[in-house]
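Line order of the protein sequences matches chains W and S. Its first residue numbered 1, the first sequence is counted upward by one per residue in our numbering. Its first residue numbered 1001, the second sequence is counted upward by one per residue in our numbering.
The set of hints was computed from the structure by calculation and includes no laboratory data. Do not take every clue at face value.
For each label pair, taking beta carbons as the anchor points, the in silico distance ranges come out as [claimed, not checked]: (1) Ala-1218(S) to Arg-134(W): 41 to 49 Å; (2) Arg-285(W) to Pro-1238(S): 27 to 35 Å; (3) Arg-285(W) to Ala-1218(S): 52 to 60 Å; (4) Lys-1339(S) to Thr-171(W): 44 to 52 Å; (5) Glu-231(W) to Lys-1339(S): 29 to 37 Å; (6) Arg-1404(S) to Ala-29(W): 36 to 44 Å; (7) Pro-96(W) to Arg-1404(S): 52 to 60 Å; (8) Gly-448(W) to Lys-1339(S): 25 to 33 Å; (9) Pro-1238(S) to Glu-231(W): 33 to 41 Å; (10) His-1425(S) to Glu-231(W): 52 to 60 Å; (11) Asp-1349(S) to Glu-231(W): 37 to 45 Å; (12) Arg-1404(S) to Ile-160(W): 35 to 43 Å.
Over the 12 Å line for every Cβ pair with chain S, so calculated as not near, a few chain W residues [to be verified]: (13) Asp-46; (14) Ala-85; (15) His-99; (16) Asp-137; (17) Ala-149; (18) Asp-264; (19) Ala-286; (20) Gly-373; (21) Ala-375; (22) Glu-415; (23) Pro-428; (24) Ala-435; (25) Ser-519; (26) Val-614; (27) Ala-644.
Just so it is clear, CB atoms sit at the ideal spot from N, CA and C, and this is done for glycine as well.
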Amino acid sequence: MRVPGRLTGVPDPLRDLRALVETLPVPSAPPTYTQREAALGLALLDLSLRLEHVPRVAEHLTLIDRGHMTRSVSVDVDLHAITDAQRRRIAAPTEPGRHGTSLWIPVSRYSRSDLAPVVVKDSTGEVVPRFTHRDSDRVTAAAFVRLLAMLIDAHRDVTIRDTVVHKLRHTHQRSRWLVEAALAELVTAGSLPEAGVRTPLDYARPLPPSPGGGREADARAVRDLALAGLEELWPADGRNGIRLPFAHLLSLACSQYMLIVLLDAAQPRRFLMWDAPLLPGRRPRAPLQRIAQSVLPVNREFVVEYETAIPRSVGAYHLTVEVNEEVSVRRFVLSSDVDDDFVRALTEDVEMLAEANAGQAPHRKLLELELQGIASRLAEIGRRRLTDLTSYRHYVAERRAALPGAQPRSMSGDEVVAALGRGDCSVPVLAAFAAHYAADGMRHLARGPLAGAALPALAAGIRDYQLGHDITTDNDPREHGAHAHWRRPSVDLSPHSTQPVRAVAYLSLADEAPALIESITRMVAGLALVVLGIGTLLTGGLAWLWSAAITPHSVPEQADAVVAVLLLVPGLLIARLDLPGTNSVLGQLRQFQRSLAIASVAVTTGLAIAAGAVHTDRGITRAFQLGIAVLGLILLCCLVEFVARRARRRSPVPRSARLPRWLRGTQRRAYAPDAVFDARGEV
Amino acid sequence: MHGSRFAELATIAAEAAGADTSSVRLRLIHGPAGFPPDGLTRPVPAFEPPLHDLAQWPSDFWLFSVAGVAICVCAWPTPAKVFSEPFEVGPPQATDRPDTYAYDGFSVPNPGFLNEPNRRIDALLTLNSSHWAPSYRDCLVTGVVLARACQLALEHGHGPVVHLHTPVAPFIDQQVSARGDGSHERLRDAIGPCVRLSVAVDPHEPTARLDFEQGLVALAEEYGLGLKLNDRRFNRVPGEWFTIRGFDRERYRQVRARMFPDPPMHLPKHAVVATVLGPARLGMAADVIAHLRATGAGVLAAAVSSVRKIGFVNLVLPLAEGADVSAPAWSGGWHDGVKLIAERCRLYDADGADHGDDDAFAGFKVALSAPMRCSYPQSSRRTGASVTGRVPYPLWLRWEIPNRTVGSPLLLSMVAENLSPYAEHTEVAYAQARVGRGDVVRGRAKLVVLLAQAPRDVADAQAVLNEVAERAQERTLEQLADRRLVGPGRVRLRLSPRERWLTT
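When you get a sec, could you build the whole thing from the sequences and use the hints?
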């Protein structure tokens, strides 16, 4: 189970490190990490960040109620991707009497806020041994201590006397031990809270400096030197380029755990699976939307968004979702930010050029080179997104919906450039641009309209349309299941990146035919007929339906019989309906229909009361008139619900803010999902 | 911005964390060109402490050869020893070849130098349109250009110089008739008076990149240099260039005469190789070249690179006229090295300005070769293929081979040997190989061949080179398979007369 309130990301672990340097007791002896532990820790850190030995990941999700999801993860592991040098570092000590080598292999990373134990099994169902968190923390701490030593040894000041780094390395080692202890504490205990009370210093007034400046052996002096060392090794201005990478590495180490298993090196290809901790959902606040969904016949859908992170080196990722058999999956779309880094660099290039053009324009040939680089990348992105759009169009066409623009309008080169200059980076425009670019239609851009005032709008367009996000659609034939198969593009546009690919799955669940609304419509129609029949029999004709005149002697002589019919028939009908509990997804989907059913029964019950208690012709006539009117209104709601269901089925693009703008098009308003499940802590 | 550098940091640290690989041993060799590098790295030098059994194969190999002198570096992962300073270099050791000296070095790992997920900006500066025959004066201009270019990379691009070489193969667009593959790439000379540099810039700092490029344009305009930048259109590969401006001979001559009116205009006969080594840092090349230039030395040839995060600035400096040609090889600290270089190579009375703080050079070492006689290749005017074809042509080589199967020097020797039936002379002008991810050695090299049979014309030369490259490539692959040195399908090797074909 996940602990609420803890964040997975830490903005600045060096701030935490400084806080710990200020408060931890100053060590009087160096830490006792062995080189083997440090080598193991660094090798595990390296392997777990890249996960190049995991070519395939599959996740199976089961929505158990409206706020919880179970998740089963399976991975293929290929030990061939691990080199001999790495194997030597991650080899587990051989047990006496056992031959062969076993390796500690990281297969995933997950958030420290996930506290439930994870049991990893292989393809035979046998449980695979795991590295304990305690050991993992120890070797990670050893790794950071070793990294610190390396950074100090390679620092340019290490041989210059009286510099901070020289002191740390050679003469004032207690300060270095203090930094090492702070690193170990941070890795072991995790990051400090971001706000509020962080350290004991928050309870103490600042201490006055000791008279005379203090001695070098004082704790204050040791701490000051350690803090100066931190500033020297990782300067705040980032001039040596190491601050951010180190901070990122440290923040990952103190906010995530590695899932490390022991595998036999003799079996290089393995299949492993585990049940990840139960995932609680978050329900975004949208009070007006919730009320509208509950009281209006809008054919409510239950929308789930699942956020995950796929290791960049993974070639194939499968996401399977299973829901209650009575619930149907109406739409399932997976969107990942696999090209986002590439598009971000492209946008920044366009913005930079726009800015440069506003000042002193660059050399003409340089401008041409920049523009050609931008145009070629834009064309490639246009080609990729068109492939995605085509596959999405096919997907919705199979579901009897149609995306506008199936018959594209041909655009000339000038029209395309004009559209881009207006900031229109929709996929048809980019596709036309790609076609013109491929046909050498964009040879001299520096002299064209794209070089000048169009650039800021183009940059804004590329950013707005979220062109770095791709789309993968459902290919599962089942109605109550969904499956998306994401593949890494054959040409990776961000080949050097090791950042995980962030993916969001959009799942809309609906109550499809045979749905509750059909039964309720029949029931309401039946009740209306019963009321109509009784009313007609009592008044001797149908005129009571529209006439304000009062028919004499319309009070039933045998009121008990009428009351019995008005109570028994709805009771029998409603008992036949399968009304689910409110906490389930089905209950949420059928909330409005249930209200209709209850309202119709309430109407007939009211009529029964009237039949038993009212003894005037006027009263009974008006009661039946009111009853039939309300039933008619309920029936109308049922019909509107049918119309809304049809419209929703034919809606081409889900209204979700998590789907890229290039797919949503001009649609501005997005609806809040009913549940958001975040599994990004696991990479 | 540093989205993936944390992973690079973890990788470097992990590589350096093993007990047997926590430091780097290296051997630097200076000598006349043509030595078989294989002979100098096998058997493995007797280091103290000795190398681990599994580390007997060098993890990195680097070679640069020009003007009859060659520089070679091999690096091995090695156990740590008692720490004294980040980088140490031993005294010059004579080898069994004349005038060839080896320097053994030791370095601690340097995980603070991260440059991997960067965008590379390649620039090709043309310093002359004729064949490569640099006079003393040209050497001085080259020194100024190198210093300015490196300074631009540091101050405008905020990035390290990943590679810098001069002289390199020039590149000339051909507008009249396309080559057989439809490109406008003209047959290239093996070497020409050009500087090729590759600077790593942050992809998310495009302003720095443009500033750097604008600075290069201004530099090229000031000196009349030709400038090409790597064609960064999507799907373009290294070896494809985009011309920014052409070479302006008149302006170049004017600037040269104005800046250095006195130094002689003939070719240097002797040169020394100065290698500055130390933990790689941002701005290392800029600081070193600027400082050496300020001593009044010119630069005949240069090669800047890094091997396992150890920065190397290799400069072939023309020996001053009248300097002692029998001076011994030397190695030692930065300040003594600079003084010695000034003594041997001062060509004019430079300003001697102090460049930056001395702390910037802390930890740098200098290895200075004995003076060596220079030789210059025969070459046609503008391109090698104009009339006789009896000129050296470049062949580019790229390979991927499992580690600890065939060493890079041996592989280069095999390729050179397989080229020998078709070539009168073969020389490795540049080679770099390193063990990368997956325990695979990935290498690139440029070979210079002088064809045995003179081609009739340019078209014939192109056809012959294609044929020769393909045959040598196939023969080498066959030999690797026959000798069972590498398992089938585990080696990739591509030899081509066109650089950009290596990546496809």
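**Violations among the numbered hints** = 1, 2, 4, 7, 8, 13, 14, 17, 20, 21
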